Amino acid sequence: MQATQHAGHAGHDDDSHSHGPTGLMRWITTTNHKDIGTMYLWFSFVMFLVGGAMSLVIRAELLSPGLQYVSPEFYNQMLTLHALIMVFGAIMPAFVGFANWMIPLMIGAPDMAFARMNNWSFWLLPPAAILLTSSIFVPGGAAGTGWTLYPPLSIQMGMGMDMAIFAVHILGMSSIMGSINIITTILNMRAPGMTLMKMPMFCWTWLVTAFLLIASMPILAGAVTMLLTDRHFGTSFFNAAGGGDPVLFQHIFWFFGHPEVYIIALPAFGVVSHVIPAFSRKHLFGYTSMVYAIAAIGLISFFVWAHHMYVTGIPLTGQLYFMYATMLIAIPTGVKVFNWVTTMWRGSLSFETPMLFALGFLVLFTIGGLTGLVLAMTAVDIQLQDTYYVVAHFHYVMVAGALFSAYAGLYFWLPKWTGHMYNEGLGKLHFWLSMIFFNIAFFPQHFLGLAGMPRRIPDYAQQFADFNQISTIGSFGFGISQLLVLVVVFKAIKGGAKAEARPWDGARGLEWTVPSPAPHHTFEDPPAFDPAEAHA
Amino acid sequence: MSHPAAANRYFVPAPSHWPLVGSLALLLLASGAVLTMNSIANGGFVLMGGFAVLAVMLFGWFGRVIGEAESGSYNLQVDRSFRWAMAWFIFSEVMFFAAFFGALFYVRVLSVPDLASADQALLWDGFKNQWPSAGPAVKDPFTPMHAWGIPAINTLLLLSSGVTVTWAHWGLIANKRQQLIIGLALTILLGLVFISLQAYEYGEAYSHLNLKMTTGVYGSTFYMLTGFHGFHVTLGATMLIVILLRTVKGHFTAERHFAFEAVAWYWHFVDVVWLGLFVVVYWL
Chain D
1 MQATQHAGHA GHDDDSHSHG PTGLMRWITT TNHKDIGTMY LWFSFVMFLV
51 GGAMSLVIRA ELLSPGLQYV SPEFYNQMLT LHALIMVFGA IMPAFVGFAN
101 WMIPLMIGAP DMAFARMNNW SFWLLPPAAI LLTSSIFVPG GAAGTGWTLY
151 PPLSIQMGMG MDMAIFAVHI LGMSSIMGSI NIITTILNMR APGMTLMKMP
201 MFCWTWLVTA FLLIASMPIL AGAVTMLLTD RHFGTSFFNA AGGGDPVLFQ
251 HIFWFFGHPE VYIIALPAFG VVSHVIPAFS RKHLFGYTSM VYAIAAIGLI
301 SFFVWAHHMY VTGIPLTGQL YFMYATMLIA IPTGVKVFNW VTTMWRGSLS
351 FETPMLFALG FLVLFTIGGL TGLVLAMTAV DIQLQDTYYV VAHFHYVMVA
401 GALFSAYAGL YFWLPKWTGH MYNEGLGKLH FWLSMIFFNI AFFPQHFLGL
451 AGMPRRIPDY AQQFADFNQI STIGSFGFGI SQLLVLVVVF KAIKGGAKAE
501 ARPWDGARGL EWTVPSPAPH HTFEDPPAFD PAEAHA
Chain H
537 MSHPAAANRY FVPAPSHWPL VGSLALLLLA SGAVLTMNSI ANGGFVLMGG
587 FAVLAVMLFG WFGRVIGEAE SGSYNLQVDR SFRWAMAWFI FSEVMFFAAF
637 FGALFYVRVL SVPDLASADQ ALLWDGFKNQ WPSAGPAVKD PFTPMHAWGI
687 PAINTLLLLS SGVTVTWAHW GLIANKRQQL IIGLALTILL GLVFISLQAY
737 EYGEAYSHLN LKMTTGVYGS TFYMLTGFHG FHVTLGATML IVILLRTVKG
787 HFTAERHFAF EAVAWYWHFV DVVWLGLFVV VYWL
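Chain order of the listed sequences is D and H. The first sequence runs 1 to 536 under my numbering. The second sequence runs 537 to 820 under my numbering.
Each hint can be trusted.
What follows is a set of in silico ranges between Cβ atoms, one per label pair, in the way DEER data are often shown: (1) D:L483 / H:V816: 52 to 58 Å; (2) D:P192 / H:W667: 55 to 61 Å; (3) D:L483 / H:E606: 49 to 55 Å; (4) H:F581 / D:D525: 49 to 55 Å; (5) D:L429 / H:L612: 48 to 54 Å; (6) H:E791 / D:K198: 30 to 36 Å; (7) H:H553 / D:A461: 53 to 59 Å; (8) D:G23 / H:I602: 26 to 32 Å; (9) D:F233 / H:W667: 18 to 24 Å; (10) H:E797 / D:I331: 39 to 45 Å; (11) D:S134 / H:G580: 17 to 23 Å; (12) H:D655 / D:K198: 54 to 60 Å.
Here are some chain D residues the structure puts well away from chain H; computed CB gaps all over 12 Å: (13) S71; (14) K198; (15) I367; (16) L370; (17) I436; (18) I473.
Partner residues aside, some chain H positions facing chain D, computed with beta carbon under 10 Å: (19) R545; (20) G558; (21) L562; (22) A566; (23) I576; (24) R619; (25) F632; (26) A639; (27) S669; (28) S756; (29) T757; (30) Y759.
Hints were generated in silico from the structure; no laboratory data involved. Since this is a predicted model, take the numbers as computed values, not measurements. Built from N, CA and C at the ideal position, the CB exists for glycine as well.
Just chain H, with the same shape it has in the complex (with noise of 0.2 Å):
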């Protein structure tokens, strides 16, 4: 129970049904999954049932928090119980992204070269140890994605978002509103065009270069891990709009504004894990 007249205690939230609902939501989105991808009749419908309720959790579970949050229920100790959840959960993104990032180095440090070694010459006899590759057995020739055109730009736009979000912040601190509002409006813009760019890629991928989740390891990696990373940024880009909206509604004080770090936070990983991808996906 809550009780808001000792200001001190540690802030415990009344009962709430938003936990259960966001269970639904994701019976819901495994079950709709399961059924769409064996192409059993009306798992769409379940598959966006499922969204629909997860959408009205997120609505009501965040909107109660953020009510929460402005009424001042949340002491300095409650603060930084946030802060720690936070930078756990992006360790635990990391440690995901950890999963497909390894996927990658093995197969390019092992299980390609393994192929093509003398051990495997009498079952995939010819196959070259280089990278790109799509492996033995996939034909279809394919275009690699080069790093010097629309990722090097991407790059760039990540770069300065990460230096737009940190001016916004400097001018929510200085209590410059109109330095944030516009610092937030431009770190938006730029994740939306760079998730705009990516899309661009990915239709010039398939269209052009022939290069596909099905085109062996480099598609499988190429995909999942640019994949994952652009539905973070779009995750990113959300929760900045959310933000955004607060800042514009007059939420937010110079003190206590943990919400925008920890969306900052986020924002500054998913920088870091494409500064990655640049790197050992598009680059090398």
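Okay, chain D solo, but in the shape it has when bound (with noise of 0.2 Å):
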């Protein structure tokens, strides 16, 4: 739809891009960030709408006790590629796709460092996604470990578990050179003027997001070629008989899926420190304490990792460590969560839909915080891991926090992308359903974990059976309520009022001096940088 969009305007706006191919080799072959970041926006979306399916199909299962609609081996597959997708297919590629659009805006540069490697980062995600969906239909099915895809049974795992791992090195290949390129981005071509403490606070954000996958992402590749290695060629990396360990896999996934946490969380504060200042109409309140509290998060993600590993085994010392060191992000998140309140704090506010998102974070996101310091505790943990109480504590880190910024981020620059304002009324609509759906679908669950209901188990004992119910109907109406995103992004780009350079009054930033929809070639000449535009 975007591609008629452009087609439409290209005879108004100063676009070079007819010289270029067109038609789906206009896609195919794009070196333009926005382009790109278009692609990555519907690749999202529409992987979006795949975990989704799975994730229903695990809830339908959990409609009531006992086995109704999948085996158990098929329940494992829907639930680890749910994940799988989620993380590496949906969310993921909507905030590097959020950072191709915006990011070059921001700070006034012609496009990204690397155009065309840029390129090939997105067009890697098809061949992995194809990898990991089509593993469903090869002999012994998908991977069914779980995303932690923990030995000894990823080891036992038929085919389906190589056709994960390879996914996994070929994601990891394009976030490495996303990252590569946004880190270069940021800190070679940024308009002349514009210091990093002057940079939008998204940027930031990215920035120190980019380290972390460029740190973490190598670790995840040589963790899963252990793997490999393990299953076919006969080492014994994680086999006790040959003198490794499982745990060591444990400890080197985590030591990538910690930092993967704040990946995914980082990006969204960013989105929400853009938004939730444009509809206080304030500068974000201490820009330079957001800072420090991005560097310190994503410094310290990287010395928490066995936090997720307390029944293993491990040290009562190395236990009570991780603890302190996990409690101690809580003090940099609680400074950001702080500051956001107090941007709002006598500013004008109004609810338009990105700000409902941005403040459906906040308080969600807080939830999904403090129930994640409840599971720091050690004593507490080893009664609440592998619960429903982790899968509450995660989703509402996961969706309410990266979901719901990201949808934020949608509504908020969807004008700038398309030209045109979306309906207010729709998007309050989507709002409020999934506000309402996802608390429906996911508050119980902390029930059930606290009750002992265990995760990655298809059946469960009578007594869960209410709040089951309860969550299987609160993850339908979410599920559904989703599609509402579709139409009214096809309706902005269909029309709609149309949309001025600055949509939002109170909005500050460079990608608000360009016009609505924003041209194909921005910045070519490095803009002036005026400091009003300023985020600090």
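Please dock the two separately framed chains into a single complex, following the hints provided.
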């Protein structure tokens, strides 16, 4: 749809892309950061629907006790692919899409530093998605280990596991190339006068995120490579008989896995740090402390990994260290939450859809953060490990955190992308349906977990039935209401009120100085940076 | 779109089909590897096809980049981008090796001592905490690799190659093309001798020392670390050969030679990884 949109405007903005390929080839060969950002966003939305459908299979099975619709093996494959697709196929590409679209506009760069490699970063995603989704149909089915791919189970799985391993390799390559691109763009292509400490907060969060990705994705590549050689070449990394240890995999995986949590969360923080000041009509409170908080979260995230492993038999001193280190993260995260709240204090608030999603994020992410603190306590976690409390916790962080923030960004920047205002009524309906059904789906899971219901099991004891039924109703409501996004986006692409260059009166930044929709090429010569547009 | 006329503008390349070719190559490589590893017919052909497409992509894409560099499309800001990117790429490689070094430290410090501890005596009675170890259940005797034979020679070779590549760089900066070419050729030669000696060492390990990938964690970590390092040396030597050919064709100036420096950085990185390997895999 975006293609027709651009074609329709080719006549009256100074596009020079008419020299390039048209039709499908335009999208395949493009080196334009806006095209690539659009492709990332559409890809992530398609993957979001695929991963969402898988979660509905899980919730349908859990509607009532006993086995109804799927076999336990298929249930495990669904929950594994749901997680891998949502993390690597939906949430991460969504924020890379925002980065592609917005970072060059925010810092006044003509494009990403490596426009051709940028295209490859995107086009590596479809092969990985093909490997992951088609693995359902090979003998033995897809990987059924959960997204953490723990051995020894992952050593024993069929060839679907190999496909997941290679998909992870390809996704890792894509992430590393994308991150090198983003980090180089931010460090080397800012408009003259835009110092690092005047940079928009979204760019700061991505700078740290890109660092986390470059540091942690190769670790995951190493981990799955060792899985592969253990599976096929007789090595013994994760085999005690050969002197190895399955727990070694957990250490290496979570050394990647915990930074990964912040790889998802930090860009979400960045989006919210733009939306809340814009709709409060104030500067972001505590810019400098926000920057240091981001850097601190990024740094500490490398030193807390074993809080995922309290029950693996790590020594008591290790448990204590990881408990305290994990709690330390609450400090910079708290700084951020308080700064957002203080930004709103005595602001001239209005509640358009982006602001609603940002506030939904703020409330629900804080709940997810606090349950994270509960889980950080070793003594408590030993009870709650692998229960639905953990499932509830990370869905509050991933869905109400990352996804709500992505929606805030989508509604915030949609006028800049399409040139039209979205339908505010539909947007608000989308928010309230999401907010209500999300909590119906996931809040009861706290109680299920506290009562001892284990995760990753398709059957459960009778006493868990009521909360599970509520949760399933909520999840289907949530899933169906997400289709509203498609309606909103298509309507905004097709028409609607014309968006001004700065559709939000409180918004600051270079991205609002270019027309809406943003012309195909922007800032080919570096703009003069107006301090009035600075976020600090 | 490129605007070669506006010399000060940041170069944005024209649309290109090479990324898609690269993605196709990786899809073929991954599918071919999955099929081959699971002994499904024709997997090898898919794998070979993947390598072929990858080779075409690398030739085409790098050829394009070299053409752009030589035609002066890249201003100094683009040059700085390349430098940042190469530095971060090497950092990502460091972290890749860190995963395997971490695995080695873990098995040496934690898992092997634990398997030999009193707690495990019921399962693995009589297993001794020592290194090298193939673990409690691998009974096949093996001889570990000694540090002060071929590995020590290899250390000298790689350290010398670090010197020769720097000498070549001095030649490039001083516009002494012959010194540059000789220095590069010597570096490549040292690299190739290193790779040959590694290959010989692997042959010896399999035929005489009974040291295999299946030799417990010692064999696993030994082959994983030295194998990936050897692969990186091969990659580095290949890139050095490309740089040598470009030098002979008259590419690079004393002021602008990012590609040379990038490969030199990469070569030094491979060198430093080897020093780590020599100390913790072969020596200690």
